[in-house]
Amino acid sequence: MEKVGIVGYYQVKLHSDANYGRYEMIFKAVRGAVDMAGLKKKDISTVISCTNDYYDGRTISNCFTVEVGGGYMADESKVEMDGAHAVLYGLMRILSGNHKLAVVWGGSMPSCFPYHSTRLFETDPTWERPLAYVNDITSAGFQMRSYMEKYGVSAEEIASVAVKNRKNAAKNPLALAEVQNSNIDVKEVLASDIYADPVTELMVAQPCDGVAAILLAPERQALKITDKPVWITGIGYSQEAYYLGDRNLYESKSMELAGKTAFESAGIKDPKSEIDVAELFEAYAHEELILSEALGLAEKGKGASINSEINGDISINPSGGATSGNPPCATGLIRVIEAARQLRGEANGYQVNNAKKAIASGQVGMCAQNNILFVLEGGN
Amino acid sequence: MGRQVAIASAGFSEHASKRSDVNMAELVSEAIEDCLKNAPGVEFDDIDAFVNGNMPAFEGSNMPELWMTDWMGARNKPLLRVTTGGTTGGTVAIAGYYTVAAGLPKVDTVLAIAFEQQSQGNTSVGLASVAYGEISILNTMGIPYDQLSRLLSAGAAIGVAAYQATNYMRKTKTTEEDLARVVVQNRQNAAKTWWTHLKMPNLTVEEVLDTPYISFPLRYGMVCPASDGACAMLFTTEEKAKDMCEIPVYVNGVASVANETAVLGYDGSGTGQIDPSDQIGAMKSSELAYYQAGISFPRKEIDYAEVYSPFPNQELMWVEKLGLFEETTAPKMYETGVTALKGELPINCSGGVNATNAIGASAMERPAEAALQIMGKADNQVPKTVHTSIGHGWGGSLNLCTLMVMSDEPRRKWRR
Amino acid sequence: MSEHKVIVVNKGMVRADYNFWVGRYLDKFFDNLENKKIVGNKCSKCGDVFVPPRKICGKCNVVIPLEENWVDLPDTGILKNYTITPYRVNDRTHRKAKDLLLGMIQIDGSNTAIVYRLLDLKPDEIKTGMKVKIEWAEKPKGDPSDIKGFVKM
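Residue numbers (my numbering), protein chains in the order written: chain A, 1 to 380; chain B, 1 to 416; chain C, 1 to 153.
Think of the hints as simulated: they come from the structure by calculation, not from any bench. All C-beta atoms in this analysis are idealised placements derived from N, C-alpha and C, irrespective of residue type, glycine included. One or more of the hints may lead you astray.
[As the list claims (entries may be wrong)] Covered by chain B, according to a simulated footprint, are these stretches of chain A (three or more residues, beta-carbon under 8 angstroms):
hint: 1; stretch: 49–55
hint: 2; stretch: 68–79
hint: 3; stretch: 96–106
hint: 4; stretch: 119–125
hint: 5; stretch: 354–368
Just chain A, with the same shape it has in the complex (with noise of 0.2 angstroms):
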């Protein structure tokens, strides 16, 4: 695979209830992006949307957003599962040669909707649906319960990963202001309200308002735009089963699938030791886990033990990851802006000492059933 480079980024700060339109949160995000390149609207051949109808309450929820995201008249299409997909797309559009500035942006507003009972609309409608007793939530609490008894792993030891990221998120200028606590502990976690036993509220990636936007060029593009470009070296994703009953929960087939093909087209051998900072989307404290194990960066059961600090073994979600604020179709893009923020050197508070390479995850569905990994490098 050629490598294709990051040569912009922009990420409006998290709100629980953003209180201004959509449509300037885009602007906002692909502005910023595009400014940062030090680019003009007329540079922009083509832009990929991620939204969901369903999240925003529409048909057809890319109609309206033509225009403040950069797409008039140009080549624009709209991906509807994470905004990690939706940069996987953009990837696709430079590698095949037919473009040379992607714009991809991907956002929504869960405080215009409920945010769980839309997941919902995601079950199977003639069989899980009309009971709903499969949900986003309660599938949570199956999942982590299934990590815990295979391994035998403590609620405390999940809990003190929601702890780590809600100290990084306070850290993180941009993170939801909610979450940003820098005092919390493993039995504030454990006492706060049970969503499903044994998930905990303080342990679930809070849904939030938030639009971010990333620009894509070609190497030889890329080097003119910016000098410090990040490059996306590799890319793996994969969907599996999707009743609970067919897949072990306690692991990720998926990400497992992902970390293989994204690892082998970047060349790495030894994720362990080779990666510097892992940006995965973790809708709750143990997906963390599960999806470091399923990459290889902890054995399996083990991922709990490694010290995934700032600065640590490995440092995972320095940003404090879907934790430091989940605004739907986001998510796994501003994953991919923070691993870039941090091979740039850039992020202030939060900087991982000497970072070469990085991951960036994104996922989508019940337990995390379909994930995609990016393996970003920096310098020229």
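Using the hints, position chains B and C against chain A.
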């Protein structure tokens, strides 16, 4: 940079107004089975990745490919979902093209699937909610809430299409007979294709003109049906396609350009600021796709076209905007038989969207049929040899156009 | 921005009814459910038994013919996993309610698990691996609610 992409196969499910005998997942698997049947050399394991899409609000399922994983055969394989409303099918086909063209690690062969089971849901509500999201704009324009219900009924596809039709007819002096003639050609063609919905082999212009108006100038007999159906296409590399089928169809140009969002007008026309029959997005799309394919004279170089026309006036408009005919001359071409099966430039020999409209799938059925014409495998095969064909899609709020240019020879790079 | 006062809120509610066709396989399953019987179907390649039945075995990617490979199954099973939730995603007015005990139950003789309520059990009595049995609804209608839940055996 970028690989040459080829279409190895295409398949359809049976289309009807109510496919109540199957659920959405089973409907999709029908199309996949048909697609693989048309390419006997392809095993399921040969498929490396999937692309799919539909219009989710119509069926009450958000991202249905999640629970339909097994029915698509996508378990433990890469899968991407793209949707853009009415153009979803075209968008999915284009995403299939890009997945192959990009040369992603371990991805050579891609199955693209578009589907819609409209009988499950409430399509008018689904379409109305396109407009409903723009309430803030209605407010700023001073439109009172009590008129909202009227707006909703007019804001959906038929509402905007009627304005588009009158605009077009004013400019081109098109008559209602011209519109009816397009409908007759489409429905008669549909009768000769196995998977289509409205099969009317003996329809006449008089019969069409005898039906009541829905919204002037569109009559009940001119409007597309709402169908259940699915379509699948197999994209692969140039090298692999040669083993998979006799005549690979090369994808030489793709584009999906959106122009100005059509903000709801004062009286719910759907397009307050631009003339909905201008379609500069479509012109830009065709310019881009023809450039990629090295086509300079579309009228001479294109042998067959499938255009997305739920309403007959649109078919006339598109063939002009896509550069196939001189502006305002399309009605005459239909009258003189240029666009008929045995004509010089046959159009919509599958019956088009006017005879079958499973919305999410429709825009993919266009390139799929256009590809089958090149392969010589279409049910209603045109007698002349088709070298180059186009498949077009339309959607959004009248403003997004997808176009795929296909040919029996690979992209001619020296022409660019 | 969030510290600013709310300027305009437009509330919108689009209501649409959906009728989902269940398809040929689930139709047969629901017919049996109405008679308080559980049936599954079996993949002829790997031998996995599915409840509810499916057209395609995702693992082997083969079609299971509609008329073949049906298996009658008992109304007993093993609890594979459980969770307890007060959260109601499908109720817009009352998010939090009484604790709901949910289990993933593998029906004996099948290779997958279904999610249902656990009835007449206290949270501390639940253990994965315990044997459970279906409690049928009083008047089965041929839909998923015919299984009221599972009770301890």
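Comparing the hints with the structure gives:
| no. | hint | verdict |
| --- | --- | --- |
| 1 | 49–55 | holds (count 3) |
| 2 | 68–79 | holds (count 9) |
| 3 | 96–106 | holds (count 3) |
| 4 | 119–125 | holds (count 6) |
| 5 | 354–368 | holds (count 3) |
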